[in-house]
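Here the protein sequences come in this chain order: A and B. Going by the working numbering, the first residue of the first sequence is number 1, and it counts up by one from there. Going by the working numbering, the first residue of the second sequence is number 1001, and it counts up by one from there.
These aren't lab readings, by the way, just hints derived from the structure by calculation. Just so you know, not all the hints are guaranteed correct.
[To be verified] What the simulated footprint calls covered on chain A by chain B, stretch by stretch (three residues with Cβ under 8 Å from a Cβ of chain B suffice, anywhere in the stretch; the number is not a length): (1) 89 to 101; (2) 135 to 143.
[What the hints assert, rightly or not] In silico SDA-like links for lysine to any residue, alpha-carbon gap of 20 Å or less: (3) A:Lys136 - B:Arg1371; (4) A:Lys321 - A:Cys57; (5) A:Lys136 - B:Asn1377; (6) A:Lys136 - B:Arg1304; (7) A:Lys136 - B:His1296; (8) B:Lys1311 - B:Met1322; (9) A:Lys136 - B:Glu1300.
Glycine is no exception: its CB is placed at the ideal position from the N, C-alpha and C atoms.
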Amino acid sequence: VSAAARRGLLPWVAGRRQALAAMALVVASCGSGLPTAVLPSPPPPQAAPAPPSAPPCDPTASLRPQGALPQPGAMPAGTFMRQIQDRGRLVAAVSRDLLGFGYLDPATNQLRGFDVDIARLIGRAIFGDDQHIEFKLITVPQRFTAPATGGVDLTAYAATVTCTRWQMVAFSSVYYEAGQRVLVPKASAAISLDDLGGKTVCGPAASTSAENIARVPSHPILVTADDPSDCLVLLQEGRVDAISTDDTILAGFAAQDPYVKVVGPKFTNEPYGIAMSLEHPEFVRFVNSVLEQMRTNGTWTAEYNRWLSSLGPAPAPPAAKYRD
Amino acid sequence: MTGVRQRSGTLDAVRRRVRTTPGYLQVTIGLVAAAAGVLGIIGTGVVIVAQATIASVQSESIPSITEAESIRGLLSDADRSEANAFLAGGAEAPGPRLRYERDLDALTQELARAAAHSAGDDAALAEVESINSQVATYAELVEQARAANRQNFPVGAAYLRQASDLVHQPESGILAGTEELAALDDRHLEQQNVTLALTGAALGLGGVVGLVLLALLVRVQAFLRRRFRRRRSRPLLAATALLLVVSGLLGLAAARTARGLSAAEGSAYPRLVGLYLARAIGDDADTNESLSLIAHGNGEAFDRAFTAETKRLVDRPLTDRMVQDAAGGRVAFGGLLADEASGATTDAERGAAARALRAFQAVMVADAAIRKQVSENQYARATAIALGTGVAQLGAAFSELDAALDACIRLVQARFDAAMGEARPWPVLPFVVPAAVVTIVLLTMGGLRPRIDEYRV
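Construct the complete structure from the given sequences, taking the supplied hints into account.
Structure below.
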């Protein structure tokens, strides 16, 4: 009687457990890990798919700003900026735990970082203050789907501009030049991915970093995680041997863990752009105007010094390139 | 051929002997003694087995199942406390942290009890050990998250996510482990119920033997009246009366046991499991509300989980009228809280169920206020409502829901214990039944021996 009553209370649990058990069996029999769309726990090592070949283009070239920036609160009628103004809020997607670029400060519970400040500047250009911006914290795989599907107005999340990604979203002009490097425990003798053949190397899922790790001739074993900081957790737990991603992110990791080191030179160029919907070219031009202003009035350098000084003295802001 | 002839000869001799009055009476004594012996063995055996099984159900199986539910609840509460502490941000909020530590202490004790209850059951013991190990890992991850947070390192959030995932992962998470443990204990309970059903069947067989014995006594009484012109044999009448009394006692004890088990396992136990589950689900819903706010605009999955969980508690928007009706025993909605309101039979139980429903209403009101603030991009205000302990704030509403469900659990536990107490056969029965059957045999002999002796003279 009791067992029947209990089954009556939890029929969905029983059903789901059976289904999941069956799924687990199938997965186990295939000998591969589950997809890492979400990282419920550090994912098992898995082979990365071969990167799609990008069409010949210059992904760093964006849409040229047109004219002076409109006054805050007076966005031109019929533009996406006006839609944002009428809605009363700019929705920006940022990272949640990338020290320096975008993270929720544990002490204040406030979002901080270079990307966060750029998003605020864009909001300020539309509304005239910082009160009309809504942040959404996203994972790496969501960086381009969020603006492409209209879930957010823009993504400012250490995103490398690529021709493939241009097919999904429009990018602003490049606002930061990063490059991929390697982070290992201090005791490790490795100084590059070439020394990590057969070893596990973590990179953010759906990122150029992961694609680059998969391309290395020494064949390190790629492990992916939805959030870059999950890679740091895996390294600290001893579940991966190294992390390879942008130097900006690795510098943030090194600042949080005295027992790791960033090694080797940059072996890729990772130009960062702000991702927006392809359907609103006027918004792309508007954002490029804000970035242009940032480069010329010293804000870019001030922001660099505020958030990224651990990477070295402030370089000159990346020059904007346009395709029209 | 010779053997067959010999057996046939012996049977003929017995038949001839039975046809004589002293022979018939001696055979009757033998049959009565045999039937009484079988009745005594069955009756005593059934009583002893039922007593032991019911004691085991009450003191081991069901406590093990409620322990598994309690472990689940404590884990959910610990995870909720940690999520709330993280959501509060800044200097660590002492309230959630203290609650987390208290939950973890209680969890350790529950796991130790579960290990003790699982002794001898390898599968259950392995599950308890697995949960124990995962809880230790969970606590380590939380401490890592805490240490990182205190140094203002955002990697703490990743540790916290990993800790929470360790609890909630569908197949391999700790909660899945507690469900597996409960399922193992449930199977154990099912086996015990089978044992009780078999003892019931054995008692039925005892009833048949009792009827045979009764028939023998009545028949021999009639024989004596016919052959010896005696109106009645007092010892035989006493034996018959004693047989009827013992059979009545056994029947009454079986009826009480069946009624007690039906009340305990058919009503109180599912309610108890439902209440534990409701409390854990309430904690999970609170956790998901906090995680949704922590996710800051990317918490659709947590919102969906919150909605699903609250629907499992009450399946539709709850109005004051619905709560009033439920307090009066008229429940027109579904969900675990509705089940409890429907199952409540006393004023105290209905009152406690209504209190839980009102707390649930407050949870939903506070949730609506949080969602309104989120829709207006007022995360700080939403967080204040989520963690607040004042009127119309979620922290207070969930605490009240927790307290109300706790009150329900205490009441239903008392009902369960009373029903199981009733289900236990009287402790004197294992002594009464054999004594009674021996007395029946002696009385029968006392009634028939003088008549046999008359023939010897």
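Checked hints:
With 7 residues having a Cβ less than 8 Å from any Cβ of chain B, the stretch 89 to 101 of chain A passes the three-residue criterion, so the hint holds. With 6 residues having a beta carbon nearer than 8 Å to a beta carbon of chain B, the stretch 135 to 143 of chain A meets the requirement of three or more and the stated coverage holds. Restraint check for Lys136 (chain A) and Arg1371 (chain B): satisfied, since their Cα atoms lie roughly 15 Å apart, inside the 20 Å limit. For the given pair, Lys321 (chain A) sits about 13 Å from Cys57 (chain A) by alpha-carbon distance, which is consistent with the 20 Å threshold.
The suggested pairing of Lys136 (chain A) with Asn1377 (chain B) holds, with an alpha-carbon distance near 10 Å, which does not exceed 20 Å. The hinted pair formed by Lys136 (chain A) and Arg1304 (chain B) meets the criterion: a straight-line CA distance of about 17 Å does not exceed 20 Å. Taken as a hint, the Lys136 (chain A) and His1296 (chain B) pair is honoured in the structure, with Cα atoms around 5 Å apart against an allowance of 20 Å. Pair hint Lys1311 (chain B) plus Met1322 (chain B) holds up; C-alpha atoms about 15 Å apart against a cutoff of 20 Å.
At most 20 Å may separate the alpha-carbon atoms for a hinted pair to count; Lys136 (chain A) and Glu1300 (chain B) meet this at roughly 11 Å.
When held up to the earlier numbered hints, the structure conflicts with none and fits them all.
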